[in-house]
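Asks: Dock chains B, C, D and E with the ligands against the given chain A, drawing on the hints supplied.
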Amino acid sequence: MSEPVLIGEGMTGGYGTGADILHDCTIAVDAGEIAVIVGPNGAGKSTAMKAVFGMLTLRAGSVRLNGQDISGLSPQARVGRGMGFVPQTNNIFPSMSVAENLEMGAFIRRDDIRQTMEQIYTLFPILRDKRHQAAGELSGGQRQQVAVGRALMTKPSVLMLDEPTAGVSPIVMDELFDRIIEVARTGIPILMVEQNARQALAIADKGYVLVQGANRFTDTGAALLANPEVRNSFLGG
Amino acid sequence: MIRVENLHKHFGGFHAVDGATLDIAPGSITGLIGPNGAGKTTLFNVIAGVLKPTSGRVLMEGEDISGLPPHALFHRGLLRTFQIAHEFHSMTVRENLMMVPPRQAGEDLWNAWFHRGRVAEEDRQIHARADEVLEFLTIDHIADEKAGQISGGQKKLLELGRTMMTDARIVFLDEVGAGVNRTLLNTIADAILRLNRERGYTFVVIEHDMDFIGRICGPVICMAEGKVLAQGTLEDIKANEQVIEAYLGTGLKNQTNKEVGHV
Amino acid sequence: MSVNPRNILLFGLMGMALLLVAVLQSPTLALTILNMSLISAIMALGVNMQWGYAGLFNVGIMGFTAVGGLAVVLVAQPPVPEAWRAGGFGTLFGLLIGVGTVMAAVALWRRMAPGRGRALALVAVLVAGFALNRYFFVPAVDAIEAVDPATTGYLGGLGLPVVLAWPVGAVFAAAAAWLVGKVSLGLRSDYLAIATLGISEIIIAVMKNESWLARGVKNVSGLPRPVPQPVDMQAAPWVQSLADGLGWSLAQTASIVVMLGYAGLFTLVLGGLIWLAEKALNSPWGRMMRAIRDNETAARAMGKDVTRRHLTIFVLGSAVCGLGGAMMVTLDGQLNPGTYEPLRFTFLVWVMVIVGGSGNNWGAVLGGFVVWFLWVQVEPAGRFVMELVTAGMAEGDLKTHLLNSAAHMRLLTMGVAMLLVLRFSPRGLIPER
Amino acid sequence: QEVKFGVILGFTGPIESLTPHMADSAELAFKEISDSGLFLDGQTITPVRADSTCVDSSAATAAAERLITSDGIVGIMGPDCSGVTMAVLQNVAMANGVPLISPSATSPGFTTTESNGLFFRTAPSDARQGAVMADVLMERGITSVAVTYTNNDYGKGLSDAFAESYAAAGGSITINAPHEDGKGDYSAEVGALASAGGDLLVVFGYSDQGGAGIMINAIESGAFDTFAMGDGMYSDALLETIGSDLNGTIGTVPWSEGEGTEAFAAFATENGVNAESSYTRESYDAAALLALAAQAAGEATSAGIAANILNVANAPGEPIMPGELAKGLEILAAGGEIDYVGATNVELIGPGEAAGTYREYIVEDGAFTTVSFR
Amino acid sequence: MDILNALITLANFVLFPAITYGSQLALGALGVTLIYGILRFSNFAHGDTMAFGTMVTILITWALQGAGVSFGVLPTALLALPVGIAATVVYLLVTDRVVYRFYRRQKVKPVVLVMVSLGVMFITNGVVRLIIGPGDQRFDDGARFIFSVSQFRAYTGMEEGLALRTTQGLTVITALIVMAALFWFLNRTRTGKSMRAYSDNEDLALLSGINPDRVVQVTWILAATLAAVAGVLYGLDKGFRPFTYFQLLLPIFAAAIVGGLGSPMGAIAGGYVIAFAEMGITYAWKRVLTHLLPDSLAPEGLVQLMSVDYKFAVSFALLVVVLIFRPTGLFRGRSV
Ligand SMILES: Nc1ncnc2c1ncn2[C@@H]1O[C@H](COP(=O)(O)OP(=O)(O)OP(=O)(O)O)[C@@H](O)[C@H]1O
Ligand SMILES: Nc1ncnc2c1ncn2[C@@H]1O[C@H](COP(=O)(O)OP(=O)(O)OP(=O)(O)O)[C@@H](O)[C@H]1O
Ligand SMILES: [Mg+2]
Ligand SMILES: [Mg+2]
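Protein chains in written order, with our numbering: chain A, 283 to 519; chain B, 274 to 536; chain C, 3 to 435; chain D, 17 to 390; chain E, 51 to 386.
Derived from the structure by calculation, the hints contain no laboratory data.
Where is the CB? At the ideal position from N, CA and C, for every residue including glycine.
Treat the hints with care, as some may be off.
Now the in silico label distances, taken between C-beta atoms and shown as ranges [stated by the list, open to error]:
hint, chain 1, residue 1, chain 2, residue 2, range
1, E, V123, D, R156, 56 to 62 Å
2, E, R155, B, E336, 52 to 58 Å
3, C, Q242, B, R397, 30 to 36 Å
4, E, Y205, C, V140, 39 to 45 Å
5, A, E285, C, N284, 39 to 45 Å
6, E, P132, D, G259, 27 to 33 Å
7, C, L15, D, A371, 52 to 58 Å
8, E, A193, C, R136, 23 to 29 Å
9, E, P132, D, E380, 42 to 48 Å
10, E, V123, B, T327, 58 to 64 Å
11, C, S251, D, E18, 19 to 25 Å
12, A, G519, B, R470, 20 to 26 Å
Isolated chain A (complex conformation) (with noise of 0.2 Å):
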C-alpha cells in the first residue's frame, strides 16, 4: 500500500519540557479522504494536531507530507506547503475586519483571491453583512465561521481543522460539513478533530479515537460508529 498523504507516525511529545502529552500516536489521512479524531477531553487531540502542525517539538516520531519528511519544517514553512489549519482556540485576528481575516488566509496567495473570498461568503452568508466589522466582535459561532473561512482561503492541499463545528448552529453545521465532504472529493486530505461526532464520523472515511494521547481505535467511520463500546465511551451513546 503506498503511504497516505500526510501522516503523523509514532508521535510522542508534549509542551515545552513538560510531561509527554501524546505517546506513540499515529495519524494519517489520504487524499480526498475525511479524517476524524474523536477523543475524551484532554485526550490530546488538539495536541496531536498541533504536533502535525509543527506547533511542538517531538522527542520520537515524524511527520511526512507527500512522503517527504516534514518534521523539521516551522510551522509557516509547512502553510508553505499548502497545509492549511484552524485550531481550537484563539482562531481569528480578533482587531481586524472579517475581510481582512480572510484576506491574511490567503496571504501566501499571489493569485486573485476575489473568487475564493465569494465562495466563502456564499458559504457563510452572515460573514459577507459582517465583513467590516472586527471579527473580535462577533458572535462565537461566526468566529468559528470566519475561522474555517480563513483557513479555506488558503486554497490548502491539506486541511487540518480541530473543532470547526463547536458552537455552530445546526444549519451552518450543515452546510460546513457538506461543503468539506465537496473540498474532500476534489482530493483534498481532511483531517479534522470533532466532539459533534456521530455526524462527523458519519461523514468520515477513517476515524481515529485517541485517549490519553494514545490510539486506541482506529477504523473506517462507519465501522467506529457502529462500535458500541466506542459509542457508549466516547460518542455519548
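Replies: Chains B, C, D and E with the ligands only, in chain A's frame:
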C-alpha cells in the same frame, strides 16, 4: 423568576438584541436556541450585568435588576458561564474553583491576618467541595495544573464547575456543550437535572446540540435577529417552519439524529 | 516562601555580596547599601502588591514616595511661628475653600440631572471657588514665603518624633492613592500607567512649587533623626570603649553603630510588612486577588467586587511605598523635591520587582536588594571595566576620551547586569510559584 | 606616596554636560600640584571620581561613603547639586570628619548649615548676587523686567534674592517664571514671558541648559532682544551659539578684579581643559584649596585640611593665581602665609560661605566686556 | 481692536511652536505606538534610540561639513540622515537579535519586555554618551529662517513680529510625508496588514504563513526610521543633548497614550494635543488681549490660566481627564 421586558441592546447601529421579551419560570430548565448571531450571548450579558441595556428592563422575582453590576447579581444567586472560556489562567484548576464561594472569611484581610484558624478551617471545606466537583467532571487528575494549560474542552468543564461551587438560584449556561465530549455531556446533563431537582436551581441553557436540549430542557425559546422567534416545547419548536429555515435546517445533523436516535 | 534551597541560596549569595563589600571595600559602605536595600525592598513590596497580586500597573510610585517624604517634614520639623502668624490662617482657610469647592462640585455633578444647567452650575461653582481660594490663599502664601526665605519661608511641621512620620507618611500616600484610585482605576494596563505617572508628576510639581508647604525646590534639610548622628555618637563613652575593644577607628565605630541602628529599625518594619504580605498572599484573599488579576470579567461574574478590591490594594500598596518614602527621607535627613525623578523612583523600583520576581514577596525583597546593590556598585564596576578595556591601548585621544567617559559606563553596566539577570531568569529570580 | 581626593560630581543625570569640564578643571589643579613635586615632600595626588548623579541622594551618599571608607580619600571636591551636597555632608562627611568644598552649591541655605567646620564652597551664595544684579539694572534705568529662573534651589534662591532687592529699589517684575532644565522645548515659557513683557529678560539659569534654550527661543521669536544674565549663564559657548544677537546683554559673574580669571583661562586652555563652561573656575579653586590646605597642615589628613582651608584662602599672605600653585606650595612649605586668589577671587567668610566680587559685564561685538567690579 | 496683530502674536508664540513641537512628538509617538501595537510592549528605549540616530547623523554631518559638502539653504544633516537611519536600523536589528528575540520566544509578559527595554535604554544611554559625550551639540546649518521677525515686520509693517524657522518648516513637511507614507504602508500593503495580523494573534499569523521574524524586522526598521527622523528634526530645531532626548520619553508616551496606544492616527493626534496643552494652557493672554480689547479694557494681569510652573502638571492633568472620558485614548487604542 426572570422576566425580560422589551429589551434592546445596540452596538452602534446594530441591534444585537431587538425587543426581546421572555419569561423564565422558577425551577425550569429553559433552552435558548437560535442561529449564530441571534443575540443569545448578548442577552445573557445584559441579564448578567456585563453589558448595560440600551432600553428595556430585566426583572428578577419582580425586582428590577437591570444595570446592577455582575458581582451584585452573583450575590443574588445569579450565575453564568462564558461561551469563550474565561479561566483564571495562572491559577490551578482547583484554585479556579476555590475562589468562587462568596463571603469567604479569608477574603477579608483582617481575618487573613488575625483569624487564621477560622480561615483555614473554612478553606478546608471549600477545598473538599472543589475536589468533589473536579471528580464529578472527571478532571480531578488535572486539579493542580495551571488552568491556562488545559485543553479547550477541559476549560469548558471548569467553566461549568464554577457554578457548582456555590448555592446558586439561577444559572445561565452559554454553550457548555461546545467542545465537550458527548459521553461527558450526558453526565453533565444528568448533573444539571439533579441540581435542578435536588437543589431547585433554575437553568437557562444556550446550546446548539438538540440532543442535549431535548434531554434536559422543558421550555425552549428560539431567538433570531435579536427577537424571540418561537417558544414552546422542543417538539413544537422543531416543527416550526421558521425555526427550521433559520436555524435547524434539514440536513445531516437532523438525519443523523434520527438515525442514531435517543438513548 | 516555600523554604526552597534555591531561594535560600539566592539570599545567601546576596548576603555574601554585602559581606564581600564589607571586607573588600568597607563595612560602612556595606551598611549604607544594606540600609537603602531595606528601604528599596519595602518599596518593591508595595509595588509587588499592586502589580504582582492585582495586576495594577502603577507608574506613579515616585509621587507616593514623595508624599511619604513630605510627611516627615510636616511631622518632625519644628513649626515656624512667624510663618504661622503671617499666613497660617489664610493658607488653611484657602485650602478649606479649595476642598469645599471640589466637594460641592462633585455633589452637584451627582445630584443634578445631566444637561446644560448642570454644566453651567458646575462652572460657576468652580470659578467662584477658585476666585475665593485665590483671594485668601495667595496673599497668605506670599506672606509665609517672605519669612526669612533663605532658611524658612514655610510653615514648618509639628515638631513630633520622626518615627511617627513613617505611619503618617503611609497614611498620606494612602490618602493620595485613594484619590488617584477613585479617578483612574477604571483604566487598563498602560493607560492606568500613564495616568498614575501623570499624577505623580503633578504631585512633584506641587511639591516643587508650593514653597510655603515644604520650601519647594529650596529643600528642607537637617531633618530630625530617629537615631543619634555619628558625630554625637563619637562622644558616647560606650562607643569609645567599643572602638578601643574592636580596634577600629572611633569614626568608623560610631558610623557602624548608627547604621546598625537604622538597619534594625528598617528590618523591623520590613519584617512586619513581609509577615503581613505573606499571610495575605497565601490566604483566600490572595487567591481572590490573583483571580482578579487573571481575568477581571470572570472575577466579577464570580461575585468579586473588582473595583473595590482594586482600590483597596492600590491604597495599601501605595501606603507601603509612602512608608518607604518617609523612611528614605529620614535616612537622607532631607526632603528634596528636585530629586524625585521617574527613572530613579518609579522605574528602578519596577526593575526591582520584575528582576526579583513579581507576585512573590520574597522575590520583590530580593529584587530590592539585588538592584540597589547593582545601582550603587555598577559605578566602580563600570570604571573598572573601562580601565580594563583601555589598559592595552596606546596613550592617545581615544584612550583619554574613553577614560573620561567612564562615568557613562555606570548606566551601561546597569543595563547589561539587568539584561543578564533577566536572561537567566526571565520570570524573575524568585518567580511566582 | 599618594594622597587621594574625591571628585564627586553628577557625571550622569541632569547636569552631566557640565560636570566633565568641572572635573577636568579640578583635576588640572591636582595635577599641577602633583607635577610640581613640592606637595608634602613629593607626595602625589590621585583624584578619585565618583558620580553624585545630581539628584539621587542615596546613590551619592553611597558613592561618598565608598570614596571615604574604601578608597581612603581625605577631602572632597564637590558635590555639585545642593540636595546631594547636603546629603553627602550630613550623612557621610560629618560622620567621618572629611571636609568638602563644593564648587557649585550656591543655595543660601548652606550659609547657616551646621557642618562642624567641614563644608566650604567657592561659589558665593546667591543672596548677594541677587542684590548686585538689582543694582546693575537700576543704575541702567531699567525698571521693569521679566524674570525666568531654573527651577532648583539655585535659581529659586537667586530669583528670590533679586526680586527682593529689585522691588526695594523700585523696580517691577512683570513675571517671575521658572523653567525646568533638561527639557528641549521652552516655547511655552517664552510665550508667557513675552506676553508679560518688560524692558529686558533676566535669566537665572545655566548656559548650556534651559537658560540657553529660553534665550535662543526668545531671540528667534522676537520676544526679547536684551537680556540680563546670572552667573550660571556666563560662557563662551553661549556667545558662540547665539552670536551677534547677544550683543547688549548685561550680566554678573563672580570675578576678581585682577588677572585671576584670565590667568585661569589661559592656563586651562593650554592644558586642554574647557575653561568657559559653568563652574570650571570654582572647581579649579576648590581643588587647589584642598591641596593647599593639606600643604599648610603639613599632612594629608582630613582634620588638617579642614582646619587650614580658611587659612590658605584668605588674607594675609601672598596672593596665588591659577597656574601658580607651585609657588603657593613652596611658601607654605617654608612656613609662610598665602592668600589664594584663584580663578574666582576666593574669599571665604567662614565655613559654608564665600564672599567674592562680581564682575558686571556687557556683551559687545561678541565678547564679554567688563563694565565694573562690585 | 487689532485682530491681525493678536493673531500674529498667537501664531508666533503658540501656534507655530506648538505645531512644530507637536509634529516632533507625533513622530516619536508613532514609533512608540508601532512597537506597542505590533510587538506589544512599551519601549522605554525609544528616546535613547532617537538620540542614537541623531548622534550618527551628527557625526556624518560633521564629516560632510569637514569635506566641504553643504545642502544650500537646507541643513546638511538632511544629507546625513539616510546614514543615520541605516545605522539606527542596524542597531535596533542587532538589539532585537541579541536581546528581545530571546524574551519573545519565551513568551514573557509584556511588563518583562518593558523592563528589558529599560535595560536596553541604559545601554544605549551609555553608548551614546561614550561616543559623543553628554554635552550640547548644534548641527544645524543652512538658512536659519524662512522669514525672521525683523523681515516679517519690515515686509508687512505690522507691530507684532512672526518668525518661521527653516527647521520648523522642515519638521512639519517631513512629518506629514512620513505619516502619510506610514499610513499607506500599514493599511494598504500586504506587509503592513501582516504586521497588524501578527500583533493581533501571533500564533494564528504563523498559521497563515506570515513570517514572524520578518514582521518583527520590518517593525524595528520602521521604528528606527521614525526614531532617527524624529530625533534629527528635533535636534535641528532645538539642539541635541542625550539627556533631553531621554526626557522626551515622557511627553512622547503621553502623546501615544492620549491618542490610544497602537493607533498611528492616535499618536499623531496625541502629539498635537500634548504640544498644544503645554503651550496653550499656561499661555499668558495679556498681549493678545491688549491687541483685541480697547485700551480702556486692556488687562492688568497676565491673564494666565495657570502659571508656567505647572506646565507639565497641566498637560498631565489634561491627559488624565482625557483618559477618564476615553479610557483607551482618543482613537481607541488597545491594551495588553
Ligand atoms: N461588541 C460588539 N460590537 C458589535 N457587534 C456585536 C458586539 N457583540 C456582539 N455583536 C453582534 O451582535 C450579534 C449577536 O451576538 P451574540 O454573541 O449575542 O450572538 P449569539 O446568539 O450568542 O450567537 P452564537 O450562537 O454564535 O454564540 C452578532 O451579530 C454580533 O456580531
Ligand atoms: N499549552 C499547554 N501547555 C501545557 N499543557 C497543555 C497545553 N495545552 C494542553 N495541555 C495539556 O495537554 C493535554 C491534552 O490537551 P489537548 O488540548 O490536546 O486535549 P484535547 O484532546 O484537544 O481536548 P479537548 O477535546 O478538550 O479540546 C491536556 O491534559 C492539557 O492539560
Ligand atoms: Mg482540543
Ligand atoms: Mg453566543
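Asks: Look at each hint and say if it fits the structure.
Replies: Hints, verified against the model:
1. E:V123 to D:R156: 56 to 62 Å: violated, 39 Å
2. E:R155 to B:E336: 52 to 58 Å: holds, 54 Å
3. C:Q242 to B:R397: 30 to 36 Å: violated, 59 Å
4. E:Y205 to C:V140: 39 to 45 Å: Since the Cβ atoms of Y205 (chain E) and V140 (chain C) sit about 43 Å apart, the hinted range of 39 to 45 Å holds.
5. A:E285 to C:N284: 39 to 45 Å: violated, 56 Å
6. E:P132 to D:G259: 27 to 33 Å: holds, 30 Å
7. C:L15 to D:A371: 52 to 58 Å: Since L15 (chain C) and A371 (chain D) have Cβ atoms about 54 Å apart, the given range 52 to 58 Å holds.
8. E:A193 to C:R136: 23 to 29 Å: violated, 46 Å
9. E:P132 to D:E380: 42 to 48 Å: holds, 43 Å
10. E:V123 to B:T327: 58 to 64 Å: holds, 60 Å
11. C:S251 to D:E18: 19 to 25 Å: holds, 20 Å
12. A:G519 to B:R470: 20 to 26 Å: holds, 21 Å
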